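Asker: Chains as they are written, first to last, in the working numbering: chain A, 12 to 269; chain B, 12 to 269; chain C, 12 to 269.
Possibly wrong hints are sitting among the right ones.
Remember, identical chains collapse to one label, so a pair may be satisfied in a single copy or spanning two.
[To be verified] The calculated SDA-like cross-link candidates involving lysine to any residue, where the alpha carbons are at most 20 Å apart (straight line), are:
#1 Lys-113 / Thr-128
#2 Lys-95 / Lys-113
#3 Lys-176 / His-46
#4 Lys-91 / Asn-28
What the hints contain is simulated information worked out from the structure, not anything from laboratory work.
Everything numeric in this text was worked out from a predicted model, so none of it was measured.
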Amino acid sequence: MRLHQATTAAQLATQLNATLIGDGKLDITGLNEIHHVEQGDLTFVDFHKYYDVALKSAATVILIDQVRQCPPGKALIVVKEPFKAYNGLVLAERPEQRWSDKVDPSATIGAGTWVATGAIVGPGAVIGTNCRINPNAVIGEGVVLEDNVIVGAGAIIGEEAFYFKKTAEGYTPWRSGGSVLLCSDAEVGANCTIARGVSSVTTIGRGTKLDAQVQIGHDCRIGEHCIIASGWHCWQYDGGRLVRISRAGWYCAKPYHW
Amino acid sequence: MRLHQATTAAQLATQLNATLIGDGKLDITGLNEIHHVEQGDLTFVDFHKYYDVALKSAATVILIDQVRQCPPGKALIVVKEPFKAYNGLVLAERPEQRWSDKVDPSATIGAGTWVATGAIVGPGAVIGTNCRINPNAVIGEGVVLEDNVIVGAGAIIGEEAFYFKKTAEGYTPWRSGGSVLLCSDAEVGANCTIARGVSSVTTIGRGTKLDAQVQIGHDCRIGEHCIIASGWHCWQYDGGRLVRISRAGWYCAKPYHW
Amino acid sequence: MRLHQATTAAQLATQLNATLIGDGKLDITGLNEIHHVEQGDLTFVDFHKYYDVALKSAATVILIDQVRQCPPGKALIVVKEPFKAYNGLVLAERPEQRWSDKVDPSATIGAGTWVATGAIVGPGAVIGTNCRINPNAVIGEGVVLEDNVIVGAGAIIGEEAFYFKKTAEGYTPWRSGGSVLLCSDAEVGANCTIARGVSSVTTIGRGTKLDAQVQIGHDCRIGEHCIIASGWHCWQYDGGRLVRISRAGWYCAKPYHW
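Make a model of the complete structure from these sequences and hints.
Answerer: Written out as structure tokens, the structure is:
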């Protein structure tokens, strides 16, 4: 996810009362999990399998729980609980929202779009033209629909990612910093669920059609003009390397692109 | 689907600015896909596998994209894009509806029936006596429930069929001309989905019980006194010839009748 | 289920105009199916496989359709249709409810809890502190949520058990006398469904997280700190002896405890 306002490695180290190793003047422009990092991103690492991965990644700044040599062009911020610090930054960037209107005043609804009775549109959502949001569907905060998109009755677009960190207290949810994008002419069937990305944008490609009761997990990227039959559950994890589709389905015009 | 008002082959050919072959005085009383045609129906054909099937079918009038010899007692209407013409006729007969009331004033609700808070009933729906429509369930346009039917919370009855025509622009949805019928004493569990038929009536037989999260695809005909456990996804296609049930389920009092 | 007011075997026999065998002074303090009976409970038996099971069970009073020798410390009430009598008693204890408010005035909502727009809370439900009930979720009658519980958008908690008695007229639903309990820090994903117990309490343990579109059948007891991926359907029947989970899932921190 992009930050609304960039900060520097030094500023963040001060804010977290943490030790800085490396170049404190580097700008942090986004927050990302290790599997999706780009230049300018802050990420975190606290697990033996990922220290080297993180240090060699595209991330510019790394929250880390041990002192390491800092690669050139990067900065390390040493904290006791890197995940907790990271998750706090995501929460600060995207605080929990509570709204009371069916269609939040901060949402944008395009011309010719029908938001049916009982449908709910959260803060900051952007819905294009000539869309149809059927009864009792829910469009979450900041979700984006392009034009001519149909969302079936009871479908839920943009709930938090199902993504947890195991801690001493139990499973702690990562605050999802990502969102959902339904491209033009996409159709989502009744009672489908599409989770927001952990830090990227879960995407349904142009012209793709989902039957009823399809589940699209966080950070999936479904290609264009796919046909996904009812009962498919699509997951993606580990940086796009592994995809599990949990049931045999009907057919797909093009192979999935994640 | 039946037409509200019959037309003749000659009138339709004129309306479509198309060539007529055969008897122009024949009445068109319904629209149907090739797998469900009856006498009086108009159907279409544009695919090499189906020309002979269509010409030998019970259909009275056929939209077709090539000149063929017309069988006796039939009429052919030659158009460049038979599917587009056919779909336009279905859309004219069943135009898209948008409604703003929780229970549309044109719906009929029988005595003793409870439509719970948050439940939605579309235009022209007919609900019998002593039914229970639980919170946030959706009963679509023209759906019919007989008596003593229970629809679980969040269940969606009568969304469009998941049925598309592949065209140069992508997948074009067939407008569904069919409906859904829930016979007496049927029960539909929480968050189930039942799609309307493409041109026939998706039917749940008398006394049949669906657990939560069951999906019944368009044009399925589920028998009487069936028990369908959660997670079943029932599909029917290709004229009733092939049925796929995508998961092992619990049990079913009688075999499925499609 | 516990009765709000105890009765005696003799009083019930009189009420049902039935023959009493054994000690009429015994108190009936609860109603339970044979698989969950405790001392003080009334149960019923009408099937050859279960007569001995019932007579040897912890049940104090047994509705039965044949004359049998009564074990010491028990009472038998002989009726023609034990299930019908039993189900009538459950219905009398938990009559069908119809409510018209989004949040029923008899529900209890803890401090800091958000009931989102479109969400529905039934009579007698008890929701703890700092919970989040997302848009269009449904919390059924008498369902209990402890603290810090999240219920995803469109999730349905506490619909009737999918449990039927085969009778000459078809499948007759057992009236569910049980409920649902979501323990502290539990999270339920979008469009999940959790059925109430037939006579016990369907329970989701502390800290357990359900992804979207998970179904938890009646009387399941899911342990603490479990992670259940989307598309799992968990059932329990036959007294906890057999558990079917109908699909391969992601992972589970501890084995399921039913």
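Asker: Please sort Lys-91 with Asn-28 into within, between, both or neither, judging by C-alpha distance up to 20 Å.
Answerer: within (11 Å within a copy, 73 Å between copies)
Asker: Can you tell me if Lys-95 and Lys-113 fall within 20 Å by alpha carbon in one copy, between copies, both or neither?
Answerer: Answer is neither; intra-copy 33 Å and inter-copy 37 Å both fail.
Asker: Up to 20 Å between alpha-carbons, please classify Lys-176 paired with His-46: within, between, both or neither.
Answerer: within (15 Å within a copy, 38 Å between copies)
Asker: Using 20 Å as the alpha carbon limit, work out where Lys-113 and Thr-128 are close: within a copy, between copies, both or neither.
Answerer: Result: close both inside a copy and across copies, 9 Å intra and 6 Å inter.
Against the hints set out earlier in the document, a violation occurs for number 2 only.
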